[in-house]
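Each chain, letter by letter, is given below.
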Amino acid sequence: MKKLERKKTLIIALFGIGIISFGCNPEEEKAEVKKQVILEAEEADGSYPYKRLSTYGFFEGEITDLNATENVVLYEPASSLFTDYAWKSRFVYFPEGEVAQINEEEEIDFPEGTIIIKNFYYPEDFRNPKKGKRIIETRLMINGTKGWEAWPYIWNDEQTDAILKVVGGSTQVAFTNSDGQEQLIDYIIPNKNQCKSCHNKSEVMTPIGVKVKHLNNELNYGFETKNQLAFWSEQGYLNGFKGLEAHPAMINYETESLPLDQRAMAYLDINCSHCHSAEGPASTSGLFLTYDQKDPMKLGINKTPVAAGNGAGSYIFDIYPGKGDESIMTHRMNSTEVGVAMPEIGRTTIHTEGVQLIRDWINSLESE
Amino acid sequence: MEKVVEAFIMAEDGDTIEIPGGFYSFNTQLIIDNKSDITIVGQGMEETVLSFRELRAGGEGIKLVGKNITIENLTIEDAPGDGVKAQHTDGITFRKINVTWTNGDKSKNGTYAIYPVQCKNVLVDEVIASHSRDAGIYVGQSENIVVKNSLAFGNVAGIEIENCDNAEVFNNVARNNSAGILVFNLPGLPKSDGKGTKIYNNEIIENNHENFATPLSDEPNGNTVTMIPPGSGVVLLAAKEVELFNNKILRNKTTGVAIASYQITGFPSEAPNWSPYTTGIYVHSNTYERTMDFPDLTRELGQLISVYNAHGKAKTQDIVYDGIFNPDLGEDISSNPMRVCIAETGIEEMHFTLFDLSGGEDDIKSSADYAPFQNCQVTVNTKVESLAYL
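In the order they appear, the protein sequences are chains A and B.
The first sequence begins at 2 in my numbering and counts up one residue at a time.
The second sequence begins at -14 in my numbering and counts up one residue at a time.
Since the hints were derived computationally from the structure, they do not count as laboratory data.
One should not assume that every hint holds.
What the hints assert, rightly or not - Taking beta-carbon pairs under 10 Å as the criterion, some of the chain A residues facing chain B (in silico): (1) VAL205; (2) GLY310; (3) ALA342.
To be verified - Partial selection, computed: residues in chain A whose CB lies under 7 Å from chain B: (4) VAL167; (5) ILE189; (6) ASN194; (7) SER284; (8) LYS304; (9) PRO306; (10) TYR316; (11) ILE317.
Ideal Cβ positions, reconstructed from N, Cα and C, are used throughout, including at glycine.
Extracted from the complex, chain A is given alone in its bound form:
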């Protein structure tokens, strides 16, 4: 039996401190950060999760340079989930001597001990990313004895390490965007269990990006450009890859030369379908947004909402063909209000380009 040993008296005492020494609060917070930084060095004894990201030894040299060590492989899905314009640098750590396998369902079975590493950072100036960056958080998904589990690490101000923080947090981020505009974002680091809001297939923690369809494409590794699954196979990390044509492959929704409907479906797949699928948490809605969705009703065409509440705005259908600005889908993508905004977590800003893509696509659909 777990008890919260915070009885009423203590709560009152805390309020008291807050009132009396309000001016000192920032100092106290700083002190707390420092205390975390000088956490005693950990031993990499294999009992995950470690308290410090550095203990895993994923990176060599300056940790902020994210130079991967042996058995840590860069990857990048074809299309990227929008997270407040954060840049992402992703790696898979393969345990020594173990091999992943593509199974009959075109899913990759990763060996126990695999760790997926996703770093979220902002260049100071998107136009010149080499100028400097700030890494905000690193999320690890560790494939342990009980399956995948997610652990959020928050980087310190000094950018010397990241510390495990299961309750998540928030921080302000300033950067110059690709149009040269100054931006300020209230970035939210989700708590551990919120990770499951997306990484969830029939209530089992599941990776999103490391799927065959997302990785069956070329990536520039710096020293060569190669199909990611071919590269993994060549390096001895993967079995079962039979070449590009033999497996499904997603497109990048940002590739403007590709057909609009394909781009829209790729966008919805990577941004929505982890929840909006028959096995996802948003199955309650009956709105299923995987890239291969062919049933108009499941895709939201002329479909009324179920539990959308505020999210419906003044609109009747999820997708009202021909009416990109009168569809619940674009309404929710175009909002930052909690309870309206979709996805529910992972963004506090509007993905203008994404909204425009979906708006254009809905406008292109023939109305009945």
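Fit chain B to the supplied structure of chain A, relying on the hints for placement.
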């Protein structure tokens, strides 16, 4: 606060999370992630208050997933989305919790106060749910359900059972909502249809609240609840096998009971494994009291009742039936093809209206003829004993 967040995150099977008295303001969600035999317990509704006013991301204040989970003795306030949601949980009990929004009845309030969905063995007992912009107590796509001894007020819908099987709703008070108790089946959901609901011994009183599911200046949107006319006691929409008995249905200004098919919404009415028709309804032994207030005119369904009922314009109705039937099951409503049985003593004194909407909007007819629906009964089977005495 962080301690509580951490207690939810680190919870192990079999844990009890005790939350001492106090006001807690959270900016992140409280989530139980697929754990068994978890009890979350406060020191009482008045003592332990969890506020989600500062929540900055997430669809609900508290989310519970797992097996055999109980949440009791606390208050949940001001969640931007839903108050407390349980999903994919076999064995979920909400007991003595108060879920509300503290700014009164605003269209900016959250959607559902208490929200079990895709669950089995759901018990809602002695809760208070108020001021939600949709349903106070909403049970969706679930099976084996008891909602009892609870109070729902100031919501758009008091208690709603949607796409569910095997539910009993009894000893509750639904007061001053726009509509008291609803049984719906909506199209296009993973649990495509539902049947078997008993609603008895409830007080369904003065559900005359404005419908604030959309801002008052706005038209209804695609959410069905936005179309519900204020002043509705019980609404059965595309409902299957419902027994409504021994309730006090008092002073609901539009109608005590509305029996309707989904076509009445005007939305597309086709979906796999789902029927838009309301069938197998048994209404008996209820107490009715009409009001002298005008029925609702803000919603199309209110206008229909107010203008076209069989007892005179602007007269409150006790029971209305839209008369929409499946032509495959009968040629005429007088053969009662949808098995709608009404056995109320004193029906001859009541305001019963049967509509005939077959002629379209320009030729709406109605009659007070209750005869086709008399002298029959429907056996509704529910089996919830194991929950009712928990």
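Tested hints:
Because the beta carbon of VAL205 (chain A) sits about 8 Å from the nearest beta carbon in chain B, less than 10 Å, this interface hint is met. About 3 Å separates the beta-carbon of GLY310 (chain A) from the nearest beta-carbon of chain B, less than 10 Å, and the hint is met. With 10 Å as the threshold, the beta carbon of ALA342 (chain A) comes within range of chain B, its nearest partner Cβ sitting at about 8 Å, so the hint holds. Among the interface hints, the one on VAL167 (chain A) holds; its C-beta lies about 5 Å from the nearest C-beta in chain B, closer than the 7 Å criterion.
Satisfaction of the interface hint for ILE189 (chain A) is found here, the shortest Cβ-Cβ separation to chain B being roughly 5 Å, below the 7 Å cut-off. Checking ASN194 (chain A) against chain B by beta carbon gives a least distance of about 4 Å; that is within 7 Å, so the hint holds. A cut of 7 Å between beta carbons decides the hint on SER284 (chain A): the least distance to chain B is about 5 Å, and the hint holds. The beta carbon of LYS304 (chain A) comes within 6 Å of a beta carbon in chain B, closer than 7 Å, and the hint placing it at the interface holds.
A least Cβ separation of about 5 Å between PRO306 (chain A) and chain B falls short of the 7 Å threshold, and the interface hint therefore holds. The beta carbon of TYR316 (chain A) comes within 6 Å of a beta carbon in chain B, closer than 7 Å, and the hint placing it at the interface holds. With 7 Å as the threshold, the beta carbon of ILE317 (chain A) comes within range of chain B, its nearest partner Cβ sitting at about 4 Å, so the hint holds.
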